[in-house]
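Asker: Sequence:
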Amino acid sequence: MDAKLTSFIALAKFKNYTNAAEYLNLTQPAVSQHIKSLEDYYGVKLFRKKGRNIELTDEGKILFKYAQNIEILYRKAFDEIKNKTGIQKTYNVGASMTIGGYVLPKIIAEFQKINENIKILLEVYNTEDIEDKLLKRELDFAVVEGPFDRNKFCYNKFKDDELVLAVSPEHYFATQKEVDIEEVLKGNLILREKGSGTRKIFEQKLEEIGYNINDIKPYMEIGSINAIISLVEANLGYTIISKEAIKKELSIGTLKEVPIKDIRIYREFNFIYLEEAKDEFIGNFIDFCIMNISLNDYKK
Numbered sequence: 001m002d003a004k005l006t007s008f009i010a011l012a013k014f015k016n017y018t019n020a021a022e023y024l025n026l027t028q029p030a031v032s033q034h035i036k037s038l039e040d041y042y043g044v045k046l047f048r049k050k051g052r053n054i055e056l057t058d059e060g061k062i063l064f065k066y067a068q069n070i071e072i073l074y075r076k077a078f079d080e081i082k083n084k085t086g087i088q089k090t091y092n093v094g095a096s097m098t099i100g101g102y103v104l105p106k107i108i109a110e111f112q113k114i115n116e117n118i119k120i121l122l123e124v125y126n127t128e129d130i131e132d133k134l135l136k137r138e139l140d141f142a143v144v145e146g147p148f149d150r151n152k153f154c155y156n157k158f159k160d161d162e163l164v165l166a167v168s169p170e171h172y173f174a175t176q177k178e179v180d181i182e183e184v185l186k187g188n189l190i191l192r193e194k195g196s197g198t199r200k201i202f203e204q205k206l207e208e209i210g211y212n213i214n215d216i217k218p219y220m221e222i223g224s225i226n227a228i229i230s231l232v233e234a235n236l237g238y239t240i241i242s243k244e245a246i247k248k249e250l251s252i253g254t255l256k257e258v259p260i261k262d263i264r265i266y267r268e269f270n271f272i273y274l275e276e277a278k279d280e281f282i283g284n285f286i287d288f289c290i291m292n293i294s295l296n297d298y299k300k
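First residue of the sequence shown? That's 1 in the UniProt record's numbering, and the numbers climb one at a time after it.
One or more of the hints may lead you astray.
[Unchecked claim] Quick list of in silico lysine-lysine cross-link-like pairs, BS3-like style, CA-CA up to 30 Å: (1) Lys136 x Lys76; (2) Lys152 x Lys278; (3) Lys159 x Lys247.
[To be verified] What follows is a list of derived Cβ distance ranges for each label pair: (4) Tyr42 x Leu236: 53 to 61 Å; (5) Lys186 x Pro147: 25 to 33 Å; (6) Glu116 x Asp215: 51 to 59 Å; (7) Glu178 x Thr90: 47 to 55 Å; (8) Ser224 x Gly187: 15 to 23 Å; (9) Glu123 x Ser251: 25 to 33 Å.
Hints were generated in silico from the structure; no laboratory data involved. Predicted model, so just to flag it, every value in this text is computed and none were measured. We treat Cβ as the ideally placed atom computed from N, Cα and C, and that holds for glycine.
Please work from the sequences and hints to get the whole structure.
Answerer: So, in structure tokens, the structure goes:
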């Protein structure tokens, strides 16, 4: 792609000449010259200063929109040519924590066994970060749990998931047939961080039954599912978590699922992507994932 547009896109994303130049492996004067050439060509200023950084002008925002589309088309052409010649194609796939840690890895391994010319780089973030990275074209597509902006992305349902109350077998709750939500909220409840799909779905359910989520004060907030599981296994708290994430612990008995009275929490896993980014790979990978899950459910 044209080097001047590449510099322009990088500078728009990083909002800083030093970081953009470092990312592009260019000198700052080289990046500055690229931007000046574009500004001379269009006869407008593309950036303005904002504190220590810079930001796009209104004219710059227009160019940025088209430059991103050019970048996508360039990458699609490059990938298609590579595919025709048998050269390996690389896709950056995002996944939220539960999916990236417990659902996708085995599916990706199976997919790559039969698609040797495709390399998938799996990047795991919470749902809010994934949406941001998709919009910045830093990911090709993603699989998320819980709510997302359905106005900004195309989406396909992957599978259903259930959130459950998980406790240590040593915890008092483990002796109960079911527990009341009020008991859950006033004890040592460990939750994922704000911005995670799991946290959003749980808070939505609380709002549905009349709680103000601003009044909910968890015992701990942790961004790592593995860390949460370890704390619960050690009986240092309990958590609301995807059943997918604790299959092993439930089967070996280090965790126990306890029903919450009159409450069941379900959600969807969804594939999400920008309309202009969809290509043959995304369609094929979505079909493969759904088929893989269907076969596993059938085996059960």
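Asker: Now tell me, hint by hint, if it's right for this structure.
Answerer: Evaluated hints:
| no. | hint | in the structure |
| --- | --- | --- |
| 1 | Lys136 x Lys76 | 16 Å, holds |
| 2 | Lys152 x Lys278 | 14 Å, holds |
| 3 | Lys159 x Lys247 | 16 Å, holds |
| 4 | Tyr42 x Leu236: 53 to 61 Å | 60 Å, holds |
| 5 | Lys186 x Pro147: 25 to 33 Å | 26 Å, holds |
| 6 | Glu116 x Asp215: 51 to 59 Å | 54 Å, holds |
| 7 | Glu178 x Thr90: 47 to 55 Å | 48 Å, holds |
| 8 | Ser224 x Gly187: 15 to 23 Å | 21 Å, holds |
| 9 | Glu123 x Ser251: 25 to 33 Å | 29 Å, holds |
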